[in-house]
Amino acid sequence: MAAEDRLRVAVLTPAGAIRAGLRVLLQSSERVEILRETNDPDDLTDGLEIDVLVLHAANPPPGGWLAQIPGAAVLLLMADYADGELPLPAELWKRPVGVLPLDVEAQTLHTALAALAEGMSVGLPAWLNRLYPGAAQVTGLAGGVEQGAEALTPREGEVLNALAQGLTNKQIAHSLGISEHTVKYHISSIYSKLEVMNRAEAVRVGARRGWIAI
Amino acid sequence: MFGDEFANAVGHATGYTVLVDARKRMPASGVAYAADLVITADHAIEREDHIRVGLADGRLHPAVLAGRDPSSDLALLRLEKPLLQPARRSDAEGRVGQLAVTVARPALESVQAGLAMISAVGGPVRTMRGGLLRQYFRLDATAYPGFSGGALIDLSGAVLGINTSGLGGGVFLAIPAALAWKTAGLLAQYGRIRRGYLGVRSQPVEIPEGSRPLLQREQVHALLLVAVDSATPAAQAGLMVGDLLAGIGGQPVADADDLVAALSAERAGLPTVVEILRGGSRLEVAVMLGER
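For the record, the sequence lines run as chains L and W. For the first sequence, this note's numbering assigns the number 128 to the initial residue and increments by one for each residue that follows. For the second sequence, this note's numbering assigns the number 410 to the initial residue and increments by one for each residue that follows.
It is worth saying that the hints were derived from the structure and are not from the lab. Heads up, a few of these hints could be off.
Said to hold, decoys possible - In silico BS3-like pairs for lysine-lysine, Cα to Cα no more than 30 Å straight-line:
#1 K221/L <-> K320/L
#2 K490/W <-> K320/L
#3 K433/W <-> K490/W
#4 K490/W <-> K591/W
#5 K311/L <-> K297/L
#6 K221/L <-> K490/W
#7 K591/W <-> K320/L
#8 K311/L <-> K433/W
#9 K311/L <-> K591/W
#10 K320/L <-> K433/W
#11 K297/L <-> K221/L
#12 K490/W <-> K311/L
#13 K320/L <-> K297/L
Quick caveat: nothing in here was measured; it's all calculated off a predicted structure.
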């Protein structure tokens, strides 16, 4: 299998049932190569080329270790919402992030890994929103598909979804309870972030990035 | 005389062909749909306030946006007063080879016209604006500046279609009058076009090679569901985040445009079947499409 087709994965979890189960799931795809399994992040900072770091969110080691693993996307596995209450490294949110339940099916896991390796963030938006710190909140999913793509604010996400319904500025203002002036402000910000010129293009690009409910 | 027919036809159109000033550049054109309503090209509406409509009386009148449908590049403007003389739709549909005239009012002084032949009748086709156009007329005509939103007329002066260069990468097309009138009617009544709705957010991904044979067709891409909004048709049908949506209603879905095109207004509220790849198997899931 060609090197670029391989998915190099490192697993950071406590030892035991979770790690064993994950290994079975991960190895169900020939693409995946498990580089290392550990419960100590310091084991991962020796220059390994990791595509995706799989992290059990109930076990987030503190400290700046993540910055020493540049280039790796992160897949968080969570047992439930409560895991999201735990402090996670701020560095996390600068990269493609996936959030999946711990009981994820193999197919979903491998699709998510492939998407993460391509630079896309994936996962349940309710969970992502819960995890995302402050202003970086998203409405659909985290991060940009293309490199350098800027995430929309929650309000911009709402306006973009209203654009997708073919609403005029006045109709959007009415439905969101804000002024037309503010709507125009959000639309121009959306255009600039999506690098588009008009509503039709904004809707197409937004739909492609998973920011619009269809 | 042969030539008189064209001038006479344009004469009929003079009354219902208007100027539409809603962008910084040169104004575009519009067609009177009712005494106070104007059909125009959506791409010509670059600002929604201070819209003005220029009539045959040589004056500009304030108008508001009554509704817009970016995907079909149509918009409807409403004048404060019923000053317009509505256009007459042609009884017959445009045919390939039919000689017609494009009429527009990019400047207040007078209407302008161009010779046009309907060189092809096409559709349904996905537009570059993310919609599905059921039918269109390709025109052998010059796309003069400001002609978008104007009418394609037959030699009796009746409207065959609404011209636009905004639908297909600058190609000059006419949206058949029947379609344009239907859209204008919906915009006049509801202020917007309602469409079919599934309730998913997705990103295009490559289908894992091992799963491709399940589809029994050549398809490389599908939509990875990254969100299934609660209390939506998708949620009720049991679609899940991580599912690969590969088809709907018997049509392959490889990107968001495919899905949008499949959820046209006429599908809203109807049952359909979505094709899902999940956990290494292919599922057909019945969905009752919503409307929004």
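We went through each hint and held it up to the structure:
A threshold of 30 Å between alpha carbons decides the hint, and for K221/L with K320/L the separation of about 17 Å falls inside it, so the pair holds. Our distance criterion of 30 Å between C-alpha atoms is broken by K490/W and K320/L, whose separation comes to about 39 Å. A hinted pair counts as satisfied when its Cα atoms are at most 30 Å apart, and K433/W with K490/W qualifies at roughly 25 Å. Between K490/W and K591/W, the direct Cα distance comes to roughly 23 Å. Compliance with the 30 Å bound is thereby established for this hinted pair.
As the CA atoms of K311/L and K297/L are separated by approximately 10 Å, the hinted pair is consistent with the 30 Å bound. Our distance criterion of 30 Å between C-alpha atoms is broken by K221/L and K490/W, whose separation comes to about 55 Å. Our distance criterion of 30 Å between C-alpha atoms is broken by K591/W and K320/L, whose separation comes to about 34 Å. Between K311/L and K433/W the alpha-carbon distance is near 16 Å, which keeps this suggested pair within the 30 Å criterion.
Of the supplied pair hints, the one linking K311/L and K591/W holds, its CA atoms being roughly 29 Å apart against a limit of 30 Å. This hinted pair checks out: K320/L and K433/W have alpha carbons roughly 22 Å apart, not beyond 30 Å. A threshold of 30 Å between alpha carbons decides the hint, and for K297/L with K221/L the separation of about 35 Å lies outside it, so the pair is violated. For the proposed pair K490/W and K311/L, the alpha carbon gap of about 27 Å is at most 30 Å, so the pair holds.
Distance hint between K320/L and K297/L is fulfilled; the C-alpha atoms sit about 22 Å from each other, no more than 30 Å.
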